[in-house]
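Same order as they appear, the protein sequences are chains X and R. Note that the first sequence covers residues 1 to 136 in the numbering used here. Note that the second sequence covers residues 1001 to 1381 in the numbering used here.
Among the hints, a few may not be true.
What the hints assert, rightly or not - Residues from chain X shown here face chain R by an in silico Cβ test under 7 Å; the list is partial:
no.	residue
1	T5
2	R70
3	L81
4	L93
5	Q95
6	D99
What the hints contain is simulated information worked out from the structure, not anything from laboratory work. This structure is a prediction, so every number in the text was calculated from the model and none was measured. Think of the CB as a built atom: it goes at the ideal place given N, C-alpha and C, for glycine as much as any other residue.
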Amino acid sequence: MTTRTPVSFRPHDLVVDDDGTGFLRGSRCPSCGAHYFPTREVCAGCLTEDLETIPLPTDGTLYTYTVVHRSTPAFEVPYVLGYVDLPGPVRVLGQIDADPEEVAIGMDVHLEIVPWGTNDEGTPLLGYRFAPGGDA
Amino acid sequence: MTDVYVIGIGMTQFGKHPDRTAAGLGAEAVRGAIHDAEIDPRAIRTAYAGHVFQPMVTGQQVLGQVGLAGIPLANVENACSSGATAIRGSFLDILAGEADVSLAFGTEHLTGAFKGAFTPGEDDPEAAVGATMPAVYAMRARRYMEEFGLTREQLARISVKNKRNAALNPLAHFKKDITIDDVLMAKPIAEPFGLLDCSPVSDGAAAVLLASGDWVKRHGDPSRAVRLSASALRTGKVETAPGSMTFEELTRDTANDAYERAGVGPEDIDFAEVHDCFTIAEVLRIEGLGLWEQGTYPAAVERGEADIGGRLPVNPSGGLLGKGHPLAATGVAQVVELVKQLRGDAGSRQIEGAKVGIAHCRGGKTVGVEGAACTVQILTK
């Protein structure tokens, strides 16, 4: 039996290293300094086409959140979902790996790499969530 | 420049129509508008058909059913703003002199297209991590609570108000008054929302006939024609830095386009039909339109200022929460309501002395964009 190596669920957006750590990728405009997630080809601020792809910081603060009770069959409910502001600045949506009672707007969170099911070929996937607290 | 008037309106019952099709519903609404305008359908020169989850060329199917053939028709998709965008097509045709009478309609057989929580497009990176449309608006509600002290009960009152208005509208999906407790006890969807904070999945269609001022003078009934003073459309800007989720710049900018075109300001508006797909959405729209200052609308609803009979009634038709939300039909149905109110034909939900009404739609979501398509229309008597 072969063991398949897990891969990123969205390889362009989420880079996962061999040691299981990872980061999100965004774009930075060298002309006006705007940041974007996900990556873009053209800066919406100054229309520059030479955007740089950069790793995004893994620590941020929670801008807002909800507890989702009805979703598509792809997701087991309930889950906490929130917008996280990362330095850049850029805002990223992700699930929050915490009990609803301990979630609050403005709390510090950090990116974590988590199992994210399998693809159609059965290869295990890795996705991301945000967990309370700064990076360990 | 010519003036543009609404000369005919038509609308089907909104609700669940398991045995109907989008084309059949659309044809019923179009026939209604033709009968209401009392015109020979051959006077119609161009047509625009809004629909979102329906088969391609649904618009031509509708024209075929009503016996209109040959005229230019474009099918329009702009998510929940599709119907309002269709009206803008007719509006511009008349301004350009391409048509003196033009037909715009929206039709949606939504119950046949999907079930459950509405999600952004499948390729949306936010949908990939669990975003649903209720969740996105629920997060805006949570942030608004944090910034402005909005309470759960204040949110619930918006649903209670709109369903009370819907109970006065024979074509509305919801027929019954509800209480604040009904809203608070409803099945949770995305906190703080329960089921009654969300607009229902509805089928339905609505149609309007627009005509030039010259045409109305020669062939129409000026006493029943209502002027469409502005039909503005904007696309959301890609954000170059994270923006506020509690104020809608897109709604403000689209409204300013419409106010400028119509030569009126927020202080002139007597009543509004806005895109209340969720309870918080009514707050965000109304404040974006400049009808109340940011952070003040929920308390105004509590004081009854947005009720029929209040200072500035909001969603007298029942809105999306009460009348129902067959996506592309919604923007056209809002204009149908504005025309009924301005003609004085709104029956038990009539707003006394209404002279200027505004309609607002906002549809679609793409990552990094504050709303995809926004429309604002102003009608004056």
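When the nearest CB of chain R is found for R70/X, is that gap smaller than 7 Å? 5 Å, holds
Hint validation: T5/X versus chain R, beta carbon distance must be below 7 Å. Holds or violated? 21 Å, violated
Closest C-beta approach of D99/X to chain R relative to 7 Å, hint status: 13 Å, violated
Per-residue hint verdict: Q95/X, partner chain R, C-beta under 7 Å: 6 Å, holds
Should the hint that L93/X touches chain R count as held when the rule is a Cβ pair under 7 Å? 5 Å, holds
Next item in the hint list is L81/X. Is there a CB on chain R closer than 7 Å to its CB? OK, holds: L81/X within 7 Å of chain R, min 5 Å.
In this structure, the earlier hints numbered 1 and 6 are contradicted, and the remaining ones agree with it.
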